[in-house]
Structure formats: structure tokens, C-alpha cells
Amino acid sequence: MAGTVKAKHQRLVLLAIALVVLVAAVLLSAWALRNQASYFYVPSDIVARPPEPDRAVRLGGMVEKGSLKTAADGVTIHFVVSDGKAHVPVVFRGIVPSLFVEGSGVVAEGKMGTSGTFVADNLLAKHDENYVPREMQNMTRAQAKQVVAETQ
Amino acid sequence: MIAELGLAALWLAAALAALQLVAGVLGLTVRGASLGDAVRPVAIVQGLLALLAFACLVYVFAVTDLSVKLVALNSHSMKPLIYKIAGTWGNHEGSMLLWVTVMGLGGGFVALVERRLPERTMLATLAGQAFVSLGFYGFLLIASNPFERLSPVPAEGNGLNPLLQDLGLAFHPPTLYLGYVGLSIAFSFAIGALVTREVGPAFARAMRPWVLGAWIFLTIGITAGSYWAYYELGWGGWWFWDPVENASLMPWLAATALLHSVSVLASRDALRAWTIMLGVIAFSMSMIGTFLVRSGILTSVHAFAVDPQRGTFILVLLAIYIGGALALFGLRAGTVAEGERFAPVSREAALVFNNVMLCAILGIVLFGTLYPLLAEAMGAKVSVGPPYFNPMSALFAVPMLVVLMVGPLLRWRRDTFARVGRLLVIPAMLVIAAGILVVVIGGAPLLPFIGLVLAAGLAWASVLPLKGRNLRRVPLPVWGMVIAHFGIAVSLFGMSSESAFSIEKLVALRAGEVTQVGPWDVKLDSVEPVAGPNWTALEARLLVRYGDDGKVTQMLPQARGFWAPPQQTSESALLTRWNGQLYTVLGGEAPAARQAGDRWQLRLWWKPFAPLIWGGGLLIALGGVLALLGRAAADLKRISVKDKIASRRERQGR
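So the protein lines, in turn, are chains S and L.
Be aware that the first sequence starts at 1, since it is given in this note's numbering, and climbs by one per residue.
Be aware that the second sequence starts at 1001, since it is given in this note's numbering, and climbs by one per residue.
If you're looking for bench data, these hints aren't it; they were derived computationally from the structure.
Treat the hints with care, since some could be wrong.
[What the hints assert, rightly or not] SDA-like mimics (lysine to any residue), calculated; alpha carbons at most 20 Å apart, straight line: (1) Lys-1381(L) / Asn-35(S); (2) Lys-65(S) / Lys-85(S); (3) Lys-1637(L) / Leu-1626(L); (4) Lys-8(S) / Phe-1353(L); (5) Lys-8(S) / Leu-19(S); (6) Lys-8(S) / Val-1345(L); (7) Lys-1381(L) / Gly-110(S); (8) Lys-8(S) / Ala-1337(L); (9) Lys-1551(L) / Pro-1519(L); (10) Lys-111(S) / Ala-1380(L); (11) Lys-1381(L) / Ala-30(S); (12) Lys-1505(L) / Leu-19(S); (13) Lys-69(S) / Lys-1381(L); (14) Lys-111(S) / Asn-122(S); (15) Lys-1381(L) / Pro-51(S); (16) Lys-1523(L) / Asp-73(S); (17) Lys-8(S) / Asp-1269(L); (18) Lys-1381(L) / Arg-34(S); (19) Lys-8(S) / Gly-1330(L); (20) Lys-111(S) / Phe-1240(L); (21) Lys-1381(L) / Arg-49(S).
[Claimed, not checked] If we take Cβ atoms under 7 Å as the criterion, some of the chain S residues that face chain L in the derived model are: (22) Lys-8; (23) Arg-11; (24) Gly-74.
We put the CB at the ideal spot given by N, CA and C, even for glycine.
Could you put together the complete structure from these sequences and hints?
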């Protein structure tokens, strides 16, 4: 078989195979991304249009003053994230980032529970002055002062 | 003074890069041929000047010259010396200077030692290298001058991000950059070959060691970076699909594909245009990675600063280089003659399969990394994580690993499955046995399960090319291939075992209390304050014991507070056994509940066989080193034989 295939034809066949696989890869990834990308919400969005319960999303906002409570096991915490308009209770089991305090900005990664409580499996707090979650940047500029003032 | 010297050296290096470009291009014409002789010396001096500029920057960091803005912003006089020096590249400007230095030195090194290429291809290659360097020199000098002075001189610097104050910073960025920028040489070779249309086995043999060198450094850089993130961030993970990790993985995928296709080109004179295209793509991925990281366009711990001017500048550079190279490829690829043919069952075909799968994974990773940007342009803020990357890349990695068991056993040009089928009986049985074993143990999700059974088969299959050969006479490159493929099996086993069998425990303990994690007993003995040169910390003394009758060992995780800049980090403590790693992190003080007494948060992981992830990575790199040594030795031998023949002829008066 191969002996009869001309070099030019072989090149075309190889090119076609490579293209087909790459196009398949791109189509597959486009399909997967639509299902797997995790969307960013602020509290008023997530209250108005809650995501499906199993979907991983991120919730960003300010930690409300006086809302942070540690459960009896010493490692589960409850707090409320707010953007000034809406308030979402969050539960998290783990070691909180050191810059996570009441009144600071936070991005919680996790899922919206059925009871309206957001179950976070990771918290991102402001790392240092060079690293701010990009979503928080816009928000701090536009709303942070007002939010902090309101939640104090 | 030293800073001005560095800046002058940088300008001179940029000017020489311009000269190198002009002389290289003119040297290709008939009338400018005499200029061609200048190109090699200019390339060498350019590299040395860049090195001088870099040395100047290291010096101002080492002595903490706060009148230099970059030092004042990123360093502090109280830091240990090693972090002062490593801090040189722990910031945007310094890391870009490291980039151009490596690039200049790489070009100079090629100019110094590479004698196998036809001189015209060499001129075009060095001109291409200068063209790329020039853009990055411009970027440094115009948009991010590392030697800028600051007036008035501040009393103290801002300090270095404490997460970066680790020995990892001394090794990880330089090795990764050697790999990233080393690929620029493959890129320039590809450009050179496209300009002169000389693509063939001789070209591939000249290009191979450079690709191999860059690939080795990339492999080590990624392995080291993964381990660094693993122990420094204290999250217990070793790969986060962070944009920056993807930025290093994408060039590696392209370079791995290139490495294999260049072998086909060197041995069999096939896959000509494909190899050239991979050469272009590999370095393009390095530049895209730099763009993603340095422009601050994506959120990442590595995004040092967000400055729109810089982002635009790098974007323009990218458009010129990648667009230009692809346009040149489009124009010239049709005129590169077809290579040799091969049958669908042959080593070439297996390598083509490997290449296509690697490119598909590359596409998946690239798409997933850029998708948040696309989505943001359309008004949605998304992030893409493991639920996308893991299954999608596995979809193409699994068939590739299956072919990897067979491919190295096949003959060039044409072969039959019947001939190699007998050899594969044992790996196939191992796959089945491992499958049954993992099912019996239980608890492994689908992807780790596939990983574990493939690792078992691949570990055996990877050493089969040595079967029936006199081990002393096996050439070094074959040893390299076997060891690198075996390393993939080892690493795959570590990854799968870590994700299938890790045990995590999160507790709050009082001093004296004991908890269990997997086979370990962990006792919190005490928590004491300790102090370092520029930090204070709370240090937990954990007494851990493996099983019921194991030896008691002490582990000391810390929660550190740095004061310049003020920041908390957690220093994890790791204990490695042959069958895994115990990973401990000290959190904060938990508020006392009803009972009295301080409780401390502890996060503990038992990660079976996790160290094999990085052990395998190092084996892969070792395989590359052996292959490189083998090729270099063969080249040296050939050169010395040529010299001998020449001198003998001279003696005989011919």
C-alpha cells in the first residue's frame, strides 16, 4: 500500500489527519468550556439568578463586619459576603488566608448550596499589593469604599 | 555608577543586535557578503554585553543600592544575601533582563560553536535571533528600564514578596528561562532554514542538540516550579492549571513534539515542513507565555505588575514575531520538498501520532488558558480549572501513552504488529493486573485509575528497547530515550497515586492531643514563637509516628510573619518516606470554644508516592541529558576524525 502512495499524497493525508484532530480538539474544548468554566458572581447577581447547585462558581465581595464566626470544631467558619445590595452567607472548612479579615475583599470558590448558603472550598484574599484578584480590582474602585462604609 | 554602566551595556548590546540583524541580512546578498564575517563576533559580544548588564543589576541588588528604583521597590537591606541576589529576577524588569541575557548568550553560544550548518543558513539564523532580541531590548529600554534611578533615595526598600523568599527562586526562574529562551534558537534555526530553504537531515542534526538543551531546562524548570508551589503555597497541590503554569507547559508540549519530529527528520528525512512549523510554534508559545504572565492580563501569583503600556508593547512584539514567522512559513512551506515516505505501521507513524496528540493537548491548554480573556471580552467573568483541563487533556494523553508503549519497538519505515506483539504481552498483562489490584484497593476515580494501570504497563514497555541488546554497546541516546520514557511512567504513577489515595485531615488541636491521618499518628507537642532574619513565626512541634511501632519523628511547620513587606506565609513541613509524603501545615489559633485552652489549626495530608511525581520529572530530564551527551560526543568524535584525516592528508602532501 504505502509503496504506491506518492510522497505528495502522503503529505496531504498527514496534513488532513493533523487538521481533523486539531479541529476536534478545539471543538471538544469549546464544548467542555461552556460546561466547565466557573463564572464569577457578586452577591446581588447570585441572589437574583442563582447557578445550578452542582456548578462550581466564584463569589466575590466584602466580608461583612461582625459576621465572621468559628464553629466548635475550630476549623469551620461562617461569614457573610456582601456587595452593599445583597448578602450571602458562606461556610468554609479550612485554614483561612492570613489577609482574610472582616471588612476585606474575598473571592470564594465553591458551590451554591440548596439552602442559600454558599459552600466554599477555597478562599482567595488579597495576596499583597501587587496581586489583587482582577474582579476585585474593578469592584474596589467602584464600590469598595461605599460597601465598607455600609457594612461597618 | 554601576547602574549606569549596566544601562550603557544594555544600550550597546541593543545596538549590536541591530548590527547583527543588518549584517546578517546583507550578508545573504551577493554585494554584502563581506559583512557576513562580522555576524558571529557581533553575536558573541552582544551576548557578553547583555551578561555584563545583568551582572550590574545583580550587583546593585546584592549591595541593596536603594537609589535604583527597582531595588527600592523590590528589595530590603535586611534580607539574606541569597534572596537579595535571587530577588534580581523576582520582579518584572529583572526577569525581562534575565530573558534578554539568556537570549543574547544563547545566540552568542550558537555563533561560537555551531559549525555544521551551511554558512548562509547560519547567517539567516543569527539575523533571526538578533531580530527577536532587538524587540525585547526595545521593550526593556523603553517600557521597563531596570536601572532607573530614584530621587530622593528612600531609607529602606519595600522588600520582596515573602512567597518568593525561598531557595526555589534561586533555581526555578533561571532554569525555566534557559528553556523558554533556548527555544528561541530553534525558532531562529527554523527561520534560517525557511529563508535559505535548506531543510534536511543535516539541518535536523544541527538543530537537535539545541532543542534538546532547551527541553532539558524546561523539564527541570517545570518540575522544580511544581515542587516549589507544592511546598511553598501550603495548599497541598502540585499543579493548579494556573495560567502561568500553563504558560510553561505549552512550550514544553511543543518542544517535546519538536524533539521527536526533529529525530524523524534527522534519521529518516521525513516531516520536513512539520518540524519547521513546530520550531516556530515552540518559541511562539514561550512568547505567549511571557505575554500572559508579564502583561498582568491574567490573574496569577506571577503577575508582578499591571501596566497597560507593557501589555500593549508585548502584544505588538508577539504579533510581529509570531505573525511574521507564520507568514514566512506560509510562503515558504510549499517550496520545502517532500520528505521520505513511511507506512502506517512504522516508527515514523508512531511519532507522528505522538506529535499530533501533543499538539492537540497544546490546543486544549491554550484554548482553556485564553478562554477567560475571550469571555471577558464578551462580558462574562469566568475562570477555568481542573474540571476542564484534567479530562480534556487526558482524552489525548491516554492514546498517546498507549502508543508510547509500542512506538519505540517499531522499526523505521515499515513494520508489522505481529513482530512486536509478542513483546507486548507482559506490559498488557501488567495493565490488567494493575487494573484488578486498583479495583481491589478501591477508591480510585476514573482518571487516576487509568493513570495507574497505564503507568504499570508503560514502566515495563519503556525498557523493552534494551531487550536482547548488549547493554554496554547501547548508544547513550537510546539510554536517554528509555530513561525519559520510564520517567513518564514514574511520574504518571506518582500523579495518579497522589490524586487517588491522598488523605486530608483538618483539625484544631490542643497541645498534647493526638490525631490520625492515614497510617500516621500526629501529636501536637507545643507551639512556640521563633525568629528569623526578617521574619517571626509560630512554630508547631509535631511528633509523628508511622504505624503503631514506628519511630517518632519531629516536624516543625511554621506560620511566618514577614515585616517587609508585611505578610503572612505558612511554611509547610514535609516528611518523606519511600512510599509517600506526610505534609503538615500550621494554621492560626482557633478561638477557644467552651473548654479552656488554646487550640491550633492543623492541616495534614498523607500523600502516597507523591514524591515520584518530581522524581519522574527529573528522570525525564536525565534522559534528555544522556541523549544530549551522546549526540555531543558523536559530534566531537566526527570533528576530531575529520581533523585527523585532514592533517594526515597534509602530512602526505596531498
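Okay, the hints, checked on the actual structure:
The hinted pair formed by Lys-1381(L) and Asn-35(S) meets the criterion: a straight-line CA distance of about 14 Å does not exceed 20 Å. Distance restraint check for Lys-65(S) and Lys-85(S): the Cα-Cα separation of roughly 15 Å lies within the 20 Å cut-off, and the hinted pair is therefore satisfied. Between Lys-1637(L) and Leu-1626(L) the CA atoms are separated by roughly 16 Å; this keeps the pair inside 20 Å, and the hint holds. With a CA separation close to 19 Å, the supplied pair Lys-8(S) and Phe-1353(L) stays within the 20 Å bound.
Distance restraint check for Lys-8(S) and Leu-19(S): the Cα-Cα separation of roughly 17 Å lies within the 20 Å cut-off, and the hinted pair is therefore satisfied. About 19 Å separates the Cα atoms of Lys-8(S) and Val-1345(L), which keeps this hinted pair within 20 Å; it holds. A distance of roughly 15 Å separates the Cα atoms of Lys-1381(L) and Gly-110(S); the hinted pair therefore holds under the 20 Å criterion. With a C-alpha separation of about 9 Å, the suggested pairing of Lys-8(S) with Ala-1337(L) holds against the 20 Å cut-off.
Pair hint Lys-1551(L) plus Pro-1519(L) holds up; C-alpha atoms about 13 Å apart against a cutoff of 20 Å. A threshold of 20 Å between alpha carbons decides the hint, and for Lys-111(S) with Ala-1380(L) the separation of about 18 Å falls inside it, so the pair holds. A C-alpha spacing of about 16 Å is found between Lys-1381(L) and Ala-30(S), which places the hinted pair at or below 20 Å, so the restraint holds. At most 20 Å may separate the alpha-carbon atoms for a hinted pair to count; Lys-1505(L) and Leu-19(S) exceed this at roughly 47 Å.
Note on Lys-69(S) and Lys-1381(L): the hinted pairing is violated, with a Cα-Cα distance of about 30 Å set against a maximum of 20 Å. The hinted pair formed by Lys-111(S) and Asn-122(S) meets the criterion: a straight-line CA distance of about 10 Å does not exceed 20 Å. Annotation: proposed proximity of Lys-1381(L) to Pro-51(S) holds, straight-line Cα distance about 14 Å (limit 20 Å). Distance check on the hinted pair: Lys-1523(L) and Asp-73(S) sit about 17 Å apart at the alpha-carbon level, within 20 Å; holds.
With a CA separation close to 14 Å, the supplied pair Lys-8(S) and Asp-1269(L) stays within the 20 Å bound. With a C-alpha separation of about 13 Å, the suggested pair Lys-1381(L) and Arg-34(S) falls inside the 20 Å cut-off, and the hint holds. Straight-line distance between C-alpha atoms of Lys-8(S) and Gly-1330(L) comes to about 17 Å, which keeps the hinted pair within the 20 Å bound. For the proposed pair Lys-111(S) and Phe-1240(L), the alpha carbon gap of about 19 Å is at most 20 Å, so the pair holds.
Distance hint between Lys-1381(L) and Arg-49(S) is fulfilled; the C-alpha atoms sit about 15 Å from each other, no more than 20 Å. Given hint, Lys-8(S) at the interface with chain L, holds; its Cβ is 6 Å from that chain's nearest Cβ, closer than 7 Å. Given hint, Arg-11(S) at the interface with chain L, holds; its Cβ is 5 Å from that chain's nearest Cβ, closer than 7 Å. Below 7 Å, beta-carbon pairs count as interface contacts, and Gly-74(S) has one with chain L at about 3 Å; its hint therefore holds.
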